[in-house]
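The sequence shown finishes on residue 294 if you use my numbering, and the numbering steps up by one all the way, no holes.
One thing to keep in mind: the hints can contain errors.
Quick list of simulated restraints, FRET-style, between CB atoms [unchecked claim]: (1) GLY246 - SER226: 42 to 52 Å; (2) SER125 - LYS169: 14 to 24 Å; (3) ARG208 - GLY246: 50 to 60 Å; (4) LYS207 - LYS187: 42 to 52 Å; (5) ILE7 - GLN103: 43 to 53 Å; (6) GLN262 - LYS207: 48 to 58 Å; (7) GLN29 - PHE168: 26 to 36 Å; (8) PHE90 - ARG153: 39 to 49 Å.
Hint data in this document are derived by calculation from the structure and do not stem from the laboratory. Every residue gets a Cβ at the ideal spot worked out from N, C-alpha and C, and that includes glycine.
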Amino acid sequence: MSQGKIILGAIIVVLLAIVAYSSTFVVQQAESAIVLRFGNPQEVIEEPGLKLKLPIADNIVILDRRVLNFDAPAQELLTRDQKRVVISAFVRYQIVDSLKFYQVGRTYSNAESQIRSVLGSTLRSVIGNVALVDTLTPKRADIMRQIRSELTRQAAEPYGIKIVDVRFKRVDLPAQNSEAVFNSMRKQRAQEAAGIRAEGAREAREKRSEADKQRIVVVAEARKQSEILRGQGEGEAIGIYNEAFGRDPAFFDFYRSLQAMQEGLRGDTTTYVGPPTGDFFRFFGTELKKAPAQ
């Protein structure tokens, strides 16, 4: 085989490969394909797999049939009670009519731009008819349903898409309003704190007064009992002394004299200077008389 035939065969194989490649395309499970022949839609393919097309004449547009989402820019809106609020939201949508979506919107950005525009006007209309507190309560779900219904009517159906969900990402007050609200909250909390402190001080005074009264009563009762017990003890002591004195007056007199001397001459350095006369030394009189004169 000559070299020229080999080269010609290789060229034919390459051309056949190029024709085969340009005549097929693949549709994935979550995609749909629109076949355009010289720019005009010819067929919408939603079944996944390997598909055929005319080379050069046909062009394929692939669309994603999964649920898509995009964020809408934050907007400052006015509520029914004349409160300003800043709301940022996101939208989840799905292409349900591929041909209508391509004919009307052409691209994702065009469709999303239309949805953003309708969402902005819908938010102004719906939020303007509700109070600020409703956006922070379970009524918020009803607000979402109203917005989704309006988006479906104005932006979804004309573009062949379905609005799956609309949610608020954040609901904030404008910066100047937030500062005013925070200041009001601080004043309110300060007033509540002052009231709690005053109530606590009043209760403390009442409890302290009650405790002082109970202390006085307890101390007086204790003193009363101590006086009674002391009187009873002294009475019993006097009775014992009297009984002891009645049994042996001389011994009792001697014992009391010793106690007096013990109290009067207490300490190792105490010295008595004076004559050994008087009642203090009466029990030593006999010994003193018997003592020889010096």
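Hint by hint, here is what the structure shows:
1. In this structure the hint that GLY246 and SER226 lie 42 to 52 Å apart at CB is violated, the actual value being about 30 Å.
2. A C-beta distance of roughly 20 Å is found between SER125 and LYS169, which places it inside the suggested range of 14 to 24 Å.
3. At about 56 Å, the beta-carbon gap between ARG208 and GLY246 stays in the expected band of 50 to 60 Å.
4. Checked against the hint of 42 to 52 Å, the C-beta distance between LYS207 and LYS187 comes to roughly 30 Å, which is inconsistent with it.
5. Between ILE7 and GLN103, the C-beta spacing of about 48 Å keeps the proposed range 43 to 53 Å intact.
6. Taken as a hint, the range 48 to 58 Å holds for the pair GLN262 and LYS207, whose Cβ atoms sit roughly 53 Å apart.
7. Our hint of 26 to 36 Å for GLN29 and PHE168 holds, since their Cβ atoms are close to 33 Å apart.
8. About 20 Å separates the C-beta atoms of PHE90 and ARG153, a value inconsistent with the hinted range of 39 to 49 Å.
Checked against the numbered hints given earlier, the structure breaks hints 1, 4, 8 and satisfies all the rest.
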